[in-house]
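S.K.: The primary structure of each chain is shown beneath.
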Amino acid sequence: MTRRVYLDHNASTPVHPEVMAEMLPYFTDLYGNPSSIHAFGRDAREGVDLARERIARFLKVSPQELVFTSGGTESDNFAVKGLAWARGRGHLITSRVEHHAVFRTCQALEGFGFEGTYVGVDGYGMLDPDEVRRAIRPDTVAISVMHANSEVGTIQPIGEIGRLARERKIPLHVDAVQTFGKIPIDVDALGIDLLSFSGHKIYGPKGIGGLYVRKGTKMVSIQHGGEHERRRRAGTENVPGIVGLGKAVEVRARDMRAEAERLTALRTRFWEGVRARVPEVRLSGHPTERLPGTASLLVRHVESESIVLGLDLKGIGVSAGSACTAGNVEPSHVLVAMGVPLDWAMGAVRCSLGRSTTAEDIDYVVACLEPIVKKLRQVLPVGAA
Amino acid sequence: MTRRVYLDHNASTPVHPEVMAEMLPYFTDLYGNPSSIHAFGRDAREGVDLARERIARFLKVSPQELVFTSGGTESDNFAVKGLAWARGRGHLITSRVEHHAVFRTCQALEGFGFEGTYVGVDGYGMLDPDEVRRAIRPDTVAISVMHANSEVGTIQPIGEIGRLARERKIPLHVDAVQTFGKIPIDVDALGIDLLSFSGHKIYGPKGIGGLYVRKGTKMVSIQHGGEHERRRRAGTENVPGIVGLGKAVEVRARDMRAEAERLTALRTRFWEGVRARVPEVRLSGHPTERLPGTASLLVRHVESESIVLGLDLKGIGVSAGSACTAGNVEPSHVLVAMGVPLDWAMGAVRCSLGRSTTAEDIDYVVACLEPIVKKLRQVLPVGAA
Amino acid sequence: MRYSATVLDHFLNPRNAGMMRDPDGTGEEEYEGCGDLTRFFLRVRDGRAVEIRFQTYGCGPTIAAASMASELARGRAVDDLCRLKAQDIETALEGLPEDRRHAADVAAGALRAAALDALGKRG
Amino acid sequence: MRYSATVLDHFLNPRNAGMMRDPDGTGEEEYEGCGDLTRFFLRVRDGRAVEIRFQTYGCGPTIAAASMASELARGRAVDDLCRLKAQDIETALEGLPEDRRHAADVAAGALRAAALDALGKRG
Ligand SMILES: Cc1ncc(COP(=O)(O)O)c(C=O)c1O
Ligand SMILES: Cc1ncc(COP(=O)(O)O)c(C=O)c1O
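Protein chains in written order, with our numbering: chain Y, 1 to 385; chain D, 1001 to 1385; chain C, 2001 to 2123; chain L, 3001 to 3123.
Please note that the accuracy of each hint is not assured.
Here are the simulated DSS-like pairs of lysine-lysine, each with C-alpha atoms no more than 30 Å apart in a straight line [stated by the list, open to error]:
1) Y:Lys-375 <-> C:Lys-2085
2) L:Lys-3085 <-> D:Lys-1218
3) Y:Lys-169 <-> Y:Lys-60
By construction, these hints were calculated from the structure, which means they are not laboratory data.
Assemble the whole structure, with the sequences as input and the hints as a guide.
M.R.: Below is the structure:
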């Protein structure tokens, strides 16, 4: 295994060298607790403040509207539970293609007497705003919809959902973990009240994330303790993580547009290559409303993990869209919601491109994929064999 | 300001160079998501596994009994809410000197119909196990008591409380954020079912912590999403943080004993020096059952923050035991629970020693403290002036 | 790596993969009816499995297990194949991860079914 | 640093700190009755505050504010001292953090009380 190609940037990304450089001193030299009033504490506080300002500038919001968390999952939990608990009971609207961090949080709240409506999607994984409208009830207390789907890359019509929510004064939470820093987000124009994001998806560190909370939004905190983050999220601040997240956002603000173009071109090259060489393969998700770097393949009649394993043996990292759990091939809930038939869904393989990806990488992956799929199909007990 | 002396190790600590060295590759080279099945993911998973094993070895528990969190605050929230929600309702016992992460979590649960008993302490800040015994009710679902107090350093009689809890089959959670890696902890001998700890108090990184959960303890998770940490705590693992925490624990296991002795000697030197030169000063907390490096002074009639500020101007970082909030000098809830009179409590200053602390540092701080206190007392409207 | 070198070898280069015309026995095993399926074909001469083929839907280890089972079975008495255990296949594969043990179960089950089928036809 | 150089200077080197025997006016201000307290003593000649002393319990800025107030007041007509505003003290200190503004309030209040006391005694 000589060559290594990482095509799993939707799962996680390496920390950008510029980000690393800014974080480093906060581990060993500027190690004060930002709550401390002495110079050691103030130095740390400064790092936190700068990061918050950078992110605020990027999102065009006020720094006071940002809360740091331990990652996208906590942000999602905080947003949905924070809205729900602030109201005590009522009805929640979300979709069938949400990340588990939202999906299972809504389910957990159902255990506490909230009611949930899980709106479906079309074959592209896209929500119909009219369906969201029809799901709204007088006691609806929150709507939570992801911006782009991590598995298939489809971007949801947030603007229209935001308009609906705003008309009815229902707070809208958007899980933007896969779009923040990748495509432009205008929280005012889109009518977003809360926005989740995560460091490790955008070349920042793992274990850090944030939540934008529009001023005036009724929320309660879900982690109790000291008076950190203006009493919204207790716990000693992860200073190096916060500094890293701030820098990562600054770098993305600078590089985002050019990178999106570059990745879109590479993704096209990838799909054209795959389509030309692998029979019975589809690109899942919406044809145009999609993340620049995400290419999710459906390879008919072949099992996801076998492809992932085959590519892994060639030094390539991609992600399986279906998991083999205790002998069951289980297509992800996203593919099920999209109505992808099992013979296609079982072979879902997500390739997500990023900063390091080159045209040579793409060509190498395509070249490796072809014989792997062919070999896997040779043992099939079906027509394709 | 030439010299800088950090005496606030109970607030946070710098990352140990050996810890830093182990963490570094996980930011930029071993950046896979541990949930990914390809080589990039497996490399990250290995780091997580090794860290878990190291901590398990240190605590003499099984690796499966450890859950990584975002810090001490989350561990405390997780422990108390996890126990409470698994039972739905009932009675909680904790103390009046807990960290806010436990204290306010119990209060939050009261808002959900749980009942709380907050057991008092004596003038040393120590719990009486008999009081805990008397607080136990048939519907008591959890006891949460800290191991050592972060403000005054008093170590609680956990063993006796553990015996009580075990006899009655009530799970015992211990917030060991200030003792883990500083003094030996034997969860079996002490009868501990859950144990919170945090990275940044022991020369590990900020934003990472853990919770030991004894096998068989009925718990629910409080952060919902993916199937991380054996479905106990959702969220992409903070791999570098986890690796750092694991290494920090390994280093502490090696250095802990010698360091505790060294710090005890330095603390004695400090207290002897202060006592000899500053009139009307006391050492708060228990005379013998205390953390090695913690020396909390009560400087009568002087206001905490003024001392902190005075020392800060000399390059020294210590922590105020009372906060001046909007004009009120508010002694911490710990000092209030200990019954420290206001004229002493208002002048609470916590000095916490650590790895970098030298005898020269100590002498410097003592030398600086004397004139500051003298000056502050000159403006006093009371007899001491 | 999660998988032994032997598992990887059989996954990458499955032995005896494919179907067989007019077999003397065929057998299938499905795992909880979810598309995961292994099928064996046997050619029997003088009570022995002289030729074996398999087809499978399934994850990498399932393919490897079927491939290994086909190797273990070749030349053996058909009676014997009914007694080939999942554990034997796993051992020959130098182990399987906990959550992939089912791969050996499926292979053993399908092989047994094929052997019983051959015995039934013969008998 | 949270505090201006002037605040730090007056905190470290408070001017006119201490008490006074037989003052012509004394006044106190407490902040929400929690131990935080500033007290001024005035010596008045020809309607002017010729000598001023203060004592205080309180955080650093409280000391600095009292010290600054004592400087601002010296030599002024006692009538005038009633009109000295917290804002004047804060400006002279080159600002105070939001959550420490009370320090100037306490100093201004105590000074006003002392001035009124002197006026009352005189009147
Ligand atoms: C859409 C979406 N939401 C939430 C998350 C969770 O974020 P994190 O990995 O930071 O916990 C992820 C990533 O796994 C995601 O893709
Ligand atoms: C006793 C105790 N518990 C909990 C915490 C909270 O831990 P963390 O700072 O990791 O959130 C602290 C530290 O602030 C502490 O001293």
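S.K.: All the hints need checking, so say for each whether the structure fits it.
M.R.: Hints and how they fare:
no., hint, in the structure
1, Y:Lys-375 <-> C:Lys-2085, "holds, 27 Å"
2, L:Lys-3085 <-> D:Lys-1218, "violated, 61 Å"
3, Y:Lys-169 <-> Y:Lys-60, "holds, 22 Å"
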